[in-house]
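Residue strings, one per chain:
2 protein chains.
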Amino acid sequence: MADAKDHVRVAPLGGSGEIGKNLYVIEHDDKIVLIDCGVTFPNADQLGVDIVLPDFSYLEERQDDVLGVILTHGHEDHIGALPYLLKAIGQVPIYGARFTIGLVRSKLDEHKLARDAEFHEVGPDKPARIGPFEAEFVPLTHSIPDCLAVALHTPAGTVVHTGDFKFDHQPVAGPPADIPGLGRLGDRGVLLLLADSTNSERGGSIRPERTVGEEMRRVFATAPGRVIVTTFSSHIHRVQGVLDAAYEDARSVALLGRSLNRNAGIAIDLGYLTSHDGVLVKKPRDLERLRPDEQVIVCTGSQGEAMAALSRAARGEHPQIQIEAGDTVVFSCRTVPGNEIAVNDTINRLITAGARVMTEESDPDIHVSGHGSAADLLLMLQLIRPKFFAPIHGEPRHQKAHADLAMSVGITPEQIAIMANGDLLEAGSESFGIVDRVASGITYVDRMGGGDVAEELLRDRKHLAEDGVVMIVATIDGSDGAVIGDVDIVARALAADDELIEEVAVDVDNALQDAAGSRPDIAALQHKIHDVAAALIQKRSGQRPMVIPLVVDV
Amino acid sequence: MADAKDHVRVAPLGGSGEIGKNLYVIEHDDKIVLIDCGVTFPNADQLGVDIVLPDFSYLEERQDDVLGVILTHGHEDHIGALPYLLKAIGQVPIYGARFTIGLVRSKLDEHKLARDAEFHEVGPDKPARIGPFEAEFVPLTHSIPDCLAVALHTPAGTVVHTGDFKFDHQPVAGPPADIPGLGRLGDRGVLLLLADSTNSERGGSIRPERTVGEEMRRVFATAPGRVIVTTFSSHIHRVQGVLDAAYEDARSVALLGRSLNRNAGIAIDLGYLTSHDGVLVKKPRDLERLRPDEQVIVCTGSQGEAMAALSRAARGEHPQIQIEAGDTVVFSCRTVPGNEIAVNDTINRLITAGARVMTEESDPDIHVSGHGSAADLLLMLQLIRPKFFAPIHGEPRHQKAHADLAMSVGITPEQIAIMANGDLLEAGSESFGIVDRVASGITYVDRMGGGDVAEELLRDRKHLAEDGVVMIVATIDGSDGAVIGDVDIVARALAADDELIEEVAVDVDNALQDAAGSRPDIAALQHKIHDVAAALIQKRSGQRPMVIPLVVDV
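Sequence lines, in order, name chains A and B. The first sequence maps to residues 1 to 554 in my numbering. The second sequence maps to residues 1 to 554 in my numbering.
Identical chains share a label here; the pair holds if one copy fits it or two copies do between them.
Heads up, simulated DSSO-like pairs for lysine-lysine below, C-alpha to C-alpha not over 30 angstroms straight-line:
1. K462 / K539
2. K126 / K112
3. K539 / K112
4. K387 / K5
5. K126 / K31
6. K539 / K87
Hints in this document: simulated from the structure, not taken from any laboratory.
Could you build the full structure based on these sequences and the hints that come with them?
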């Protein structure tokens, strides 16, 4: 291994080979800075799991070397795991832009971690020194205010991490991306670029966010009645677009949904969301005195989440909103993969209730992505002109497409590394490549914050879910193994008639009778019961339930 | 109720308000003809379910009145439930086109029902008389050979059921849609039109199938190595397009996957699929002697199905195909909603293995839908000019959009009925509207053909999957309720440490001690154990597992 001062090392603990739970370890001279600390949401196979975290064990080992966490922006896949990290490795300084810190403070507060947290507000004019790292920040545009690219200057060279970005030259609010600033970084020389790959498969560039506001105005002007807009709850610029369009069309706006109100509240307090006098009402009830065509509701539920405001309204179960003929419902969002069925179900219910529904499919102008496509990614590469490049924030297909884009502008395959989570990439004057693996993986957090969920538990859940469970209880005499009374069988989630259950009981009883006569070996008997019952049930019904035998000796 | 001879009644037992499990009951003068009898596939919530059938109970009651089943075409959502129907109501005559009968014969054979089945081959020149119904057939185009629209002439009027269709004026094989024939039906007067709504939300018309063949030729000509094409296994015209393109590019083709080989075999036997000499090889192994750029594999797995050929190859688990750099994999299909995650996973694995992957997203020319969009649906309405119209074969959103199209060509809202499954629609000279409900619903069939799965079972499975199960066994003295030995607790799929389990045991033991002293009421004790344990587990861990108490008295 070369001298630790000659190179920088980067290990993704999340966010490489996937979109979600971003967590990048940047090491120099045995000191660590983390970039982002996010969660991801479980897929349908991860039964009963609420959120998915990166595995922190590598950081637990290196606890004393972790000097801080830099947050590029406030999305859940970049900040959501921070409370769990702080619980795992103790408090570390947190660096982020003003709005990001606002969101994080509220999040840590919920976990009772805010009081002891050490926040450092950073920005384009507020660099930070963190051990051997000089952190410089460049404003970029995305789908939440205050997004930053991070340039970490070290004696071995500079690492630039883009965070999530697109180049929106006419942002709804806040500064545009600092393109000359990125160019200056490139002029000074960048050792390694880590860049967002989400939309690398899409050609061209992404329309400006303000075009959505313009479309919103057209929708409001032509909608015959109330308009209900659903979007991501942290999309403050989208909410701003709705407020502006509502003002022009003389409509009032109510916000519905806990996360939406929390995020909008923080944005208003910090000056990131501005409302014309009287446009924003306090409660949905305040809209009731108005005509339908004077009303706008912005609400959660864009992904068909069962308990969100729009989903409940679509099912006719919301105490404050009833969907009516004349309503226009605008899905100002994309459907995150995996949510298609739930979103479609909500749309069908809304249409059945009489609403007109607009989606990105029926009206492409009603949403734009926050992630740059080919033109944006090429511009970033041309500005930074890195010595080495690692496409991040993407599945393998996105990383590959991003690598192809890089090669199209002269970066060679030898200068590119496609990392998976846990890969340890080294970049220095003399070296470039994946040199090792660090501990990485997935930590499941159960509903109600009930703690970690192990892989084994998930396997059990899947087994139970698909094949059910059969509990078999036999009571025997502890001295000679004679069976006392009946074998009790309880089956759940199994397609079994009484006849099959009775057959199992008889077979188990026979097996126990065969074994009787000597001092019983409980473990062996339970094993026997399991095998006899499992074989019979599979033979008779084709099912393979979880069989739990219990022998009680008295 | 009017005289049963004055009207026709239609009840969808499946296929209205959904895409899937099509089954239409057409009644006149108390006699019934069925149109189609399909299955649908379970969604992620329907744990451990293999296929979903319509509820047949209405037909079981009316068993003697059912004169026959007409099949519009051979897709699973139109023929898949036929074996189960015949098991439920006994054999009834089956009417269908030649290729459809070929597929159905093979399917009934698997269920050992083919020998006693009564098949009637029908077609444009082969009408059928079925009781009071004169059935006439019009060829249409779709994504499987031999699709028919059905005109059922009755003394009360004619009902036209389109089956699935688009207007492809230049079909790859077989006749184009008989447009003049549809016009003649309209001239003679149609009482009620039931028409496919799948693509009613899409504007314009659908490109001809042969354009996919042309694109396939371009792909083959430019692909540097082997090409692997995955598509729906019944899409014979797509396979024909691949065979033709392979011939032109001097490539040989192997078919991989059980359903694909079965369907292609039937198509070749019946003359619906033709292969130039030597293009189609018998086994994938036969390709090994060729250069990669002389090879094409057509395989199953277009929906990311875990056990299909392409999915196994992507995971590196297929005995015959290893994905290699230079391979081009073409997804010549759409992703059926709900399969997005699985398909995406397959694509990522293919790309990681070095393949280039083409999908409808990256290359829209590589697939066309089999269902007509707005222009096709309007043409059908203009040709048939029905007195009454019911949009079918669609979710509520598709039915609504289809109704809107009908209104745009002069059909009034009073002439349109949007049916849900179970609605009984009456159409006659004096009447039109939904007059009643019939029994309808869902029947789940478990894996291994193990029989029906009840709703309760699915609820149990979901409960087990999300919260796990705790079995609590206590042994007591049958005379006085004194607890004998320890309380046994077995937990599965529950996030619980030993401490919590021990606490539950203590609490249960205490509760039983409290109740001891008299002759025990086993049911009451079990109830007590359940409540004590459930409350403690929820309080300590936030989880709500299924708690199964069992009190054994000795």
